[in-house]
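**Student:** Single-letter residue listing:
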Amino acid sequence: MPESRRDEQKLWLILFQIRSIRSRLNLLAAQQWLFTTLALMIGGAALILIAAAKLGPFGFLGVSFAVFLVVASGIFAAARRGWAARVDVARAAGLADRRADLKGRLTTVLALSESAKQAQLWPFLVEDTYAMRDDFEPRRIEPRLVSRSLGALLAALLLALLALPDLNRGGAMARQIAAGRAAGGQVTADLSQLQIQPADPALQPNAQIYADPETLRRLQQKLAAEGSPHQRKGLGGLMDKARRFADAFQHQLTGRNSESGAPLNLRLTDRNPDHTPGGRNGGGQPRQMAKNSGDAGAHRGAAGAAANGRHAKRSGAPPPAAIPGSQADQMAKDSAGATSQPNQSSNSNQAGANDNANPPEQDAANDFGGANHGIGADPEHLFGPPAPQPFGSDSFKIAIDAEPSDEASAPGSPAYLPPKVRVPLNPNQLPDEPIARAAVPAGEQTIIKRVFDR
Amino acid sequence: MSEAHTAIAQPTISDFARTFRRIQAEIHKAIIGHEEAVEELLAALFAGGHVLIEGVPGTGKTTLVKTLGLALNLSFGRIQFTVDLMPADITGTRVILSAADGHREFSFQPGPIFCHILLGDEINRATPKTQSALLEAMAELQVTVGATTYPLAPPYFVMATLNPIEMEGTYPLPEAQLDRFLFKVRLAYPGEEELVRIITATTGPEASGVEPVFAAGEAAAKIESLKRLVREVLVAPQIEQYAARMVRATQPHNSRALGDLRNRVKIDAVDRYVSFGSSPRGALALIMGAKVRAMLDGRANVAYDDIDRLAHAALEHRIMLNYAAHSDNVDAAQIVDQVVRAIRATRA
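Going line by line, the protein sequences match chains A and B. Read in order, the letters of the first sequence correspond to residues 1 to 454 in the numbering used here. Read in order, the letters of the second sequence correspond to residues 1 to 348 in the numbering used here.
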């Protein structure tokens, strides 16, 4: 074989090896881009699924947005990095020169392979470089065949595997609702205590609300007064839209739709029909009422109806309306039954217990307010047809606080003068008659004088 | 390429390295230490350039040059530059000579510049006019006296010494002349160990015993052949671009726009302290010196590191600093350091 042909072969081998290095480096760059992109996408999707299963709509929306940003920027950065890691033959030769400490031999051979063949030292350079070919074998320049970013991809896959069981189990809130359903599938809520706002997480749409027409009418009024979530504008409206979007997306991701659960029966009551719906006090006042009326109900079994009226007055709520005895009896039964409801308050349970402790006739006489005095009282019979009031029934009293006034009810008419009423004195009272000063004991005279001086 | 050609090239590079090391060894018989300075000196010789040697008194500048002349076995000339030295004292002049028959004619009497190795001792003590007498000889290897031009016999190698501390009564070298020196070699104070060796070697009864590497008749031819071989060393375009980029980086208004956008280099010190950067001769000096270094390393190609290692010797004396540099005590070596660091990041 001629010497020149042998030199050509050596040169070809050197160039082939440089191109192999380039292919290996580019393969790694492509792998890095691909694995990183896949890892970001899979990991991001897994995080979104976990967020869909574990978080409420707003939490899910926030996490999803953050994950989306991170993944998008990560994919962009990975693409840029992959593009920058891509090498041409000259760069591969330079890289091999550095890594194998070849002092520019490969760069020079590659750059001058076409132009320097007539140079005096060219054969020496080719021979010298060829003798070092073991030093710049592709596997010595770049030992890895698989990019290290494969680890990131595997980690993302592991995260996705961990996310799947959570997806099947569903969210914590959904489990609570399911538990509520399993316990009876019926929840009773009072309209006066009902704060209407968009649910977070949203209730499933197969909840059935039923109430008497009047309560439903009041519910509509309340909705109109407080503003329907669909009608809110501004930031609130945007929040509602975001919530609905997140809710729908969450349902799509988790596979839980409205048909998946048993219907939830939401029984709506209106324990305070005179209460004006809406307004700033509309939300806070019913809570106070519920507490006080619960207390009132608990004590009323012993103290009687007058005490009930005083309690109601103290709480700022209007005095309770008259309830027929049969209806009160039914309410007492409902109250007792309400103890089995998980959503009943302790006050209501206590009230129901007190009411049941009384004999039935006393219930009929005194415990009409049992329906009033607790959240847990089942007020269903409040909305039934009113039972006819037995004639001459005095099973309740209405306490009226009245004071004499100097002002006439109409201009020109004489002022009202209350009639003098004589009532029997109790043992601790004395008749309101003047007594002689001398009859007052000396010690008490001093006290009386001091009181008047003050 | 034939087998014979390869056989010639391979030993020639080996010969070069061997010859170079032999000369080095002979010089170090008389010069203790200064290994890098000696290597740069020889690199300038084989690259076909001239050297400006700067050092404080007593560091062996003159001894180094004389020893080199002895080792190379080439004709050696010495000019002690003084303030009253005239150009004709360097180049030679026409004088009237009387023949035996009484006939008189003008005849050119060559000055000390006509030799292979010229030592210009304390060159900055002569006036710029006299210093400039060297310019033509250094650049074009010829001397023009009157209307006649006389060629200089190759190899021609000028080594000028410069004392940096005795500035009174001296004349700074013109930039044009500075630019004609391929390298500027600094001779620093020797270290303690080197100083002990110098004391031992110079105060004893034995002379240094420097022996010529070449025979008397063949020295010039051999050195010229080695210089030609140096020019055959291959340089990749990337390396040439690297050297060009480095030279441009020393120029105040070019330092901001070097290379492509990705490799843009900004060297604040150049803009702040440099009045004039290196001329294109700086790039030639870098490449030629790098070629010598490549051959010393047994390579037929220049590497980036060869350029970096010679940057100080090739660029320092070509950078003109401004007053801000003097007031901030910034010297050209610091500038070159920054330039090399910045340009190194742009390697392909």
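Heads up, a few of these hints could be off.
To be verified - Quick partial rundown of chain A residues pointing at chain B, CB under 10 Å, derived from the structure:
#: 1; residue: D97
#: 2; residue: R99
#: 3; residue: A100
#: 4; residue: K103
#: 5; residue: G104
#: 6; residue: T107
#: 7; residue: F124
#: 8; residue: L125
#: 9; residue: A439
#: 10; residue: G443
#: 11; residue: I447
#: 12; residue: I448
Hints are computed from structural coordinates only; laboratory data are not their basis. Each residue gets a CB set at the ideal place from its N, CA and C atoms; glycine is no exception.
**Student:** Report the numbers of all earlier hints that the structure fails to satisfy, in ascending order.
**Tutor:** As far as the earlier hints go, 2, 3, 9, 10, 11 and 12 are violated by this structure, in ascending order.
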